[in-house]
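**Student:** Single-letter residue listing:
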Amino acid sequence: NAGVTQTPKFRILKIGQSMTLQCAQDMNHNYMYWYRQDPGMGLKLIYYSVGAGITDKGEVPNGYNVSRSTTEDFPLRLELAAPSQTSVYFCASSYSTGASNQPQHFGDGTRLSIL
Amino acid sequence: AQKITQTQPGMFVQEKEAVTLDCTYDTSDPSYGLFWYKQPSSGEMIFLIYQGSYDQQNATEGRYSLNFQKARKSANLVISASQLGDSAMYFCAMRDDALYGGATNKLIFGTGTLLAVQP
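Residue numbers (this note's numbering), protein chains in the order written: chain S, 1 to 115; chain W, 1 to 119.
Errors might be hidden in some of the hints.
[To be verified] Where chain W lies over chain S, by a calculated footprint (3+ residues, C-beta under 8 Å):
#, segment
1, 71–82
2, 86–94
3, 106–113
Note that these hints are calculated values from the structure, not bench results.
Bear in mind the structure is a predicted one, so any value in this text is a computation, not a measurement.
Virtual Cβ for every residue (Gly too), placed ideally from N, Cα, C.
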């Protein structure tokens, strides 16, 4: 019953450092997503992928990069961490069929602080 | 552009009473899906209920029901018989279903409503 697994759960970075947030799903979902949730706010889409080798920008992509070499994994990279990137990051996945009641399944989130 | 609006930042409800959480949306697409997620203090996102734009009946899932008024572009969540465990943040979200292909299943979220259930 793994679903969507995110690592790490918590991380503190210094300004200018880089890191990769890991996301893996075992539901054979084609579509995967990265969101960020700032305090007291809803989720905003950073990047998404509709399949291995295909990625696209969401609403707030600046400062991030992604890759999708396999169906299972969708890592998110921060190259030069900035205080504005302090947030909770959620990875999600879903089936590719639209117009259906299949929801996005979310990981438990990564709480990231940039100091 | 698509948009989700949740106008209630916070609400109180007495245990065992019903509560309605408001959600309005804006889209020019004829095909879309509406979702409600619950986020307890532990932080995870829990899917509650779904309503498709072409569904004729309001969705129900146990104590959750969705009051879907398409002409008003509203999709309010109704929780019946509130329990202490219902205290959480609730998010309304919309998905563009791109009826004729090209769907990405991206979700647009509202800012959420914090519900506190009082004993």
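**Student:** Next, verify each hint and record whether it holds.
**Tutor:** Going through the hints against the structure:
1. 71–82: Result for this restraint: violated, n = 0.
2. 86–94: Contact hint for the segment 86–94 of chain S vs chain W: holds, 4 residues under 8 Å.
3. 106–113: Coverage by chain W holds here, the residue count being 4 at a Cβ distance below 8 Å.
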